[in-house]
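Working from the sequences, and respecting the hints, build out all of it.
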Amino acid sequence: MRKYGKLLYNWSDGNIEESLIFNDDAQLGDIPYDVAIVGAGVVGSALAYKLSKYKLKILLLDKNYDVGEGTSKGNSAIIHTGFDAPVDTLESELVTKASMEWPELAKKLKIPFEVCGALVVAIDEEQEKQLEKVYAKGLKNGVTDIKILSSEEAKKLEPNITDDVLGGILIPRESIADPFATSIAFSEVSLSNGVDIILGVEITAVENPDEKTKTLVTDCGNRITTKIIVNVGGLGSEKLAKLYNGEQFDTNPRRGQFLIFDKFSRPAINHILLPIPTVTTKGVLVVPTIFGNLIAGPTAEDYSHDNKLVADTTTEQLQLLLEGASKLYPKLKEQPVISIFSGVRSNCSQGSYWIRCNDNHPGILTVAGIRSTGFTSSPSLAQHLIDELHDKIGLNLEVNHEAIDSRSEDKWPGWWKRRYDDEKFVKENPEYGKVVCYCEQITRGDVIQHLDSPLKPRTLDSIKRRTRAQMGRCQGFDCMVNIAEIISDHCEVPLDKISKRGPGSEIAQSLTSNYSDEAKNELN
Amino acid sequence: MNSTKHFSVVIIGAGPAGVGAALKLYKSGIKSIAIIERNDKIGGIPSFYKRKKGGVRTFMRWSRGGYPVFGQDYAAWLGKQILKTDVEVKLESQVLEIDAKGKMLTFVNSKEGKVNLSADAIIRACGSREETPAERKWIAGARPVKVFFTKQILNLVDRNNLLPMKKPLIIGSDIIAYAAAAKLKAAGASDSTIVDNRTSPKAPFYERLYFRFWGNPQYRGFDVKSLEITGVKSATGVNLNGTHIDCDGIVICGELIPNSELALIGNLKVNIPSRIPVINKNYQLSESGWFAAGNILGGFHGAEWCYYDGKKVADYVLKYISKS
Ligand SMILES: Cc1cc2nc3c(=O)[nH]c(=O)nc-3n(C[C@H](O)[C@H](O)[C@H](O)COP(=O)(O)OP(=O)(O)OC[C@H]3O[C@@H](n4cnc5c(N)ncnc54)[C@H](O)[C@@H]3O)c2cc1C
Ligand SMILES: Cc1cc2nc3c(=O)[nH]c(=O)nc-3n(C[C@H](O)[C@H](O)[C@H](O)COP(=O)(O)OP(=O)(O)OC[C@H]3O[C@@H](n4cnc5c(N)ncnc54)[C@H](O)[C@@H]3O)c2cc1C
Chain A
80 MRKYGKLLYN WSDGNIEESL IFNDDAQLGD IPYDVAIVGA GVVGSALAYK
130 LSKYKLKILL LDKNYDVGEG TSKGNSAIIH TGFDAPVDTL ESELVTKASM
180 EWPELAKKLK IPFEVCGALV VAIDEEQEKQ LEKVYAKGLK NGVTDIKILS
230 SEEAKKLEPN ITDDVLGGIL IPRESIADPF ATSIAFSEVS LSNGVDIILG
280 VEITAVENPD EKTKTLVTDC GNRITTKIIV NVGGLGSEKL AKLYNGEQFD
330 TNPRRGQFLI FDKFSRPAIN HILLPIPTVT TKGVLVVPTI FGNLIAGPTA
380 EDYSHDNKLV ADTTTEQLQL LLEGASKLYP KLKEQPVISI FSGVRSNCSQ
430 GSYWIRCNDN HPGILTVAGI RSTGFTSSPS LAQHLIDELH DKIGLNLEVN
480 HEAIDSRSED KWPGWWKRRY DDEKFVKENP EYGKVVCYCE QITRGDVIQH
530 LDSPLKPRTL DSIKRRTRAQ MGRCQGFDCM VNIAEIISDH CEVPLDKISK
580 RGPGSEIAQS LTSNYSDEAK NELN
Chain B
390 MNSTKHFSVV IIGAGPAGVG AALKLYKSGI KSIAIIERND KIGGIPSFYK
440 RKKGGVRTFM RWSRGGYPVF GQDYAAWLGK QILKTDVEVK LESQVLEIDA
490 KGKMLTFVNS KEGKVNLSAD AIIRACGSRE ETPAERKWIA GARPVKVFFT
540 KQILNLVDRN NLLPMKKPLI IGSDIIAYAA AAKLKAAGAS DSTIVDNRTS
590 PKAPFYERLY FRFWGNPQYR GFDVKSLEIT GVKSATGVNL NGTHIDCDGI
640 VICGELIPNS ELALIGNLKV NIPSRIPVIN KNYQLSESGW FAAGNILGGF
690 HGAEWCYYDG KKVADYVLKY ISKS
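Residue numbers (our numbering), protein chains in the order written: chain A, 80 to 603; chain B, 390 to 713.
Calculated directly from the structure, the hints in this document are not laboratory data.
Treat the hints with caution; some may be incorrect.
[Claimed, not checked] As a list, the in silico DSSO-like pairs of lysine-lysine whose alpha-carbon atoms are at most 30 Å apart: (1) A:Lys412 x B:Lys614; (2) B:Lys526 x A:Lys361; (3) B:Lys526 x A:Lys506; (4) B:Lys712 x A:Lys342.
Printed below as a string of structure tokens:
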């Protein structure tokens with residue numbers, strides 16, 4: 080029998096079912112972990128997934144109340160081929176490798192995925208000259224199926240792009256996928272293979288980093304012992320590395336804002352549209368999403384970790400963004416924007432993919448600067464990290480033949496495979512006929528299915544990322560409270576304890592006063 | 390899927406407009422009418438404004454001399470009128486898509502699964518919602534909890550007796566905003582601060598006057614192009630021209646935008662970005678046999694206006710049916 084891992088939340092009484100509450104180190108047993116992974120972003124979850132097929136005692140933890148709630152939730156969601164990656168780097172190698180792995184991986188893990196292709200668009204003579212260079216770089220990166228297009232060919236492929244197009248490059252295998260489902264799928268399989276997962280705990284101290292058994296201390300004073308620590312803390316990796324005095328590196332947040340357009344804008348564009356990249360950035364893209372929208376972005380705005388005033392989005396930058404993206408697809412300006420969001424990259428001054436094994440201490444692996452391609456590279460990066468752990472730290476890799484590496488058919492999200500399209504489903508479970516999110520047409524059945532799923536998501540945002548409820552054009556106008564009510568009913572947690580992202584983000588404060596149900600109907 | 394059932398008229402939406410149209414058609418002798426409504430009650434937006442002792446009546450019955458009632462009671466009255474007829478009402482049934490040329494639609498509910506209907510004429514009485522921050526173009530900043538729309542406030546305060554905030558800040562200044570400020574005050578919050586990017590409130594003086602009974606919200610007009618929401622986990626205020634206004638919750642109120650998604654999916658013409666359907670002088674949409682009534686036609690209209698608008702559109706539908 081396969082043994083499930085423990086799933087625990089650092090939540091106080093009454094906010095979640097008692098069986099899920101982490102309140103005592105003893106819940107983890109007294110044998111130290113072989114590997115503790117700090118950070119359950121896409122990289123940490125992928126590592127847990129790939130490590131979980133070995134006979135090891137593994138812990139995956141994060142300070143957030145869901146996996147993949149850091150940088151991994153706010154990106155362009157492109158599975159890159161690596162055609163424009165810096166040549167001869169680990170990043171290029173891992174991205175190229177991962178792009179081959181993705182189609183099969185997505186099928187196994189039930190991650191919505193589509194090969195839509197990308198088109199680099201040159202709109203002035205300067206840029207046209209660059210096409211050859213971009214093409215040559217692609218070939219060097221091993222992306223041999225790319226093609227240079229004339230302006231006519233580009234226009235034929237994408238009739239709605241700018242008339243200023245002078246030429247382009249087609250990259251047929253650039254793809255799009257569901258970024259949320261990815262961290263979730265990795266983590267769910269890990270859990271089934273026995274990995275323990277704790278959410279809502281921040282590591283604030285590391286004790287005895289030089290000993291065989293090290294101790295991670297959490298913000299609530301919990302102590303977790305482990306032989307190996309992997310720091311995949313994304314934006315938090317530098318702060319975390321300082322706790323154990325790893326080799327010095329410097330990071331800063333680099334914000335990327337996006338505009339999301341309504342679904343009926345999507346048919347106008349079939350490929351990812353990219354400008355000619357400059358030295359500093361890939362520029363502003365127009366990207367069809369797997370969910371059926373178009374997005375434009377990202378910006379690249381650097382600031383420092385200490386700057387607490389930086390908001391998620393600013394109207395000024397969004398305006399510039401729209402100007403930029405309209406250069407590729409002029410009619411974009413007329414399309415209705417339904418929402419805006421941003422993601423923050425962790426930019427490392429010492430270079431991307433900054434990986435240190437036995438980082439000033441035996442048994443500590445630091446992974447930083449997974450800045451712009453970590454969503455794509457996560458599976459191959461995870462494999463690379465396992466090789467490092469094995470070769471340099473001596474981690475013993477004995478295969479567990481009972482481990483699984485896929486999720487079952489019923490894991491396809493409801494928005495991707497509509498349950499009500501099959502009469503049988505609604506007959507068996509009428510909840511699949513009750514639409515609660517009108518814009519994305521998500522049913523009560525979909526929400527409940529996710530509440531019962533292995534990671535037991537309990538926040539509004541975690542349900543949003545799984546079901547798409549609240550992500551449509553009305554942004555929760557109609558369904559937010561209804562979804563909160565479903566969580567409250569199904570999990571028997573009072574409605575005022577339902578939160579957006581965990582403690583401190585509850586939706587209500589108190590009961591109403593001077594206000595009651597006693598009034599009589601005066602209208603007959 | 391079941392086979393396609395045919396009706397003379399199908400109405401999407403059982404709000405005031407849809408009900409008004411159904412009643413008029415029924416009384417004019419049309420016997421096969423269906424209303425498809427996704428909510429679990431008849432009544433549309435009014436049904437979310439519950440009757441509360443100490444609460445705020447926001448629905449005016451102009452036809453009865455302009456006396457104010459609770460939305461719930463108005464919705465119940467609409468429901469009662471419909472029950473007297475044999476109009477077929479499908480509740481908790483969401484119309485998923487339409488076939489504009491074929492005059493057909495598909496809805497889903499928990500009892501029947503997916504169902505196809507066809508009709509001689511179809512009325513879209515789908516109402517409207519409030520614009521999102523992105524749609525207003527000048528609201529940006531953080532994305533904490535406690536940034537609500539009015540409908541969410543209704544569902545928390547009226548349906549669940551929960552107070553989401555004690556020191557509200559309201560963005561938008563039309564009548565819905567002033568009604569929301571009054572409701573929050575009645576339910577136990579302090580007076581709201583109301584902000585909008587215009588020098589004076591959008592709601593005219595006499596409308597604001599009505600809500601003075603419940604409190605005295607402070608208006609802060611401004612003329613910047615950008616307002617930023619602040620707060621990491623929970624909303625703490627907004628930044629306006631370098632000034633921070635504190636609050637412990639935000640409501641984004643009013644500025645209605647039509648529920649036009651079915652038309653957009655089904656290729657009926659819609660004005661963008663207003664999302665107002667393109668209609669001719671006979672209230673017909675861009676395909677023959679399709680009509681629209683009520684708040685889906687844009688602007689802000691009270692419930693009773695929409696009820697009579699539904700009746701008016703029913704007349705055009707009758708003419709259309711008799712001709713074809
Ligand atoms: C605007 C933008 C666009 C992008 N577009 C793409 C794209 O199209 N394709 C692509 O492949 N990549 C893209 N990326 C890059 C990709 O999103 C990242 O490389 C990837 O998400 C990094 O994953 P991660 O797991 O390293 O980091 P994260 O997802 O940030 O995970 C780190 C986790 O560690 C946790 N953590 C940190 N410190 C602690 C601590 N002390 N205790 C407990 N937990 C801690 C955090 O809470 C966080 O959840 C984009 C990124 C941005 C910002
Ligand atoms: C937040 C808000 C607050 C308001 N407050 C007031 C107020 O206090 N006083 C006042 O007089 N007016 C108020 N109004 C105006 C209100 O819209 C009108 O009073 C009136 O309800 C409009 O009637 P209607 O029939 O056009 O639309 P609605 O009342 O909105 O009814 C439309 C109906 O169509 C249904 N529907 C839509 N699409 C579908 C679909 N695809 N499938 C199935 N069913 C569908 C909806 O569920 C809804 O029940 C408010 C409006 C909003 C949005």
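Status of the hints after comparison with the structure:
1. Restraint check for Lys412 of chain A and Lys614 of chain B: the C-alpha separation of about 18 Å stays at or below 30 Å, so the hint holds.
2. Proximity of Lys526 of chain B to Lys361 of chain A is assessed by CA-CA distance (about 26 Å); at most 30 Å being required, the pair is judged to hold.
3. A distance of roughly 44 Å separates the Cα atoms of Lys526 of chain B and Lys506 of chain A; the hinted pair therefore is violated under the 30 Å criterion.
4. For the suggested pair Lys712 of chain B and Lys342 of chain A, the alpha carbons sit about 37 Å apart, so the restraint of at most 30 Å is broken.
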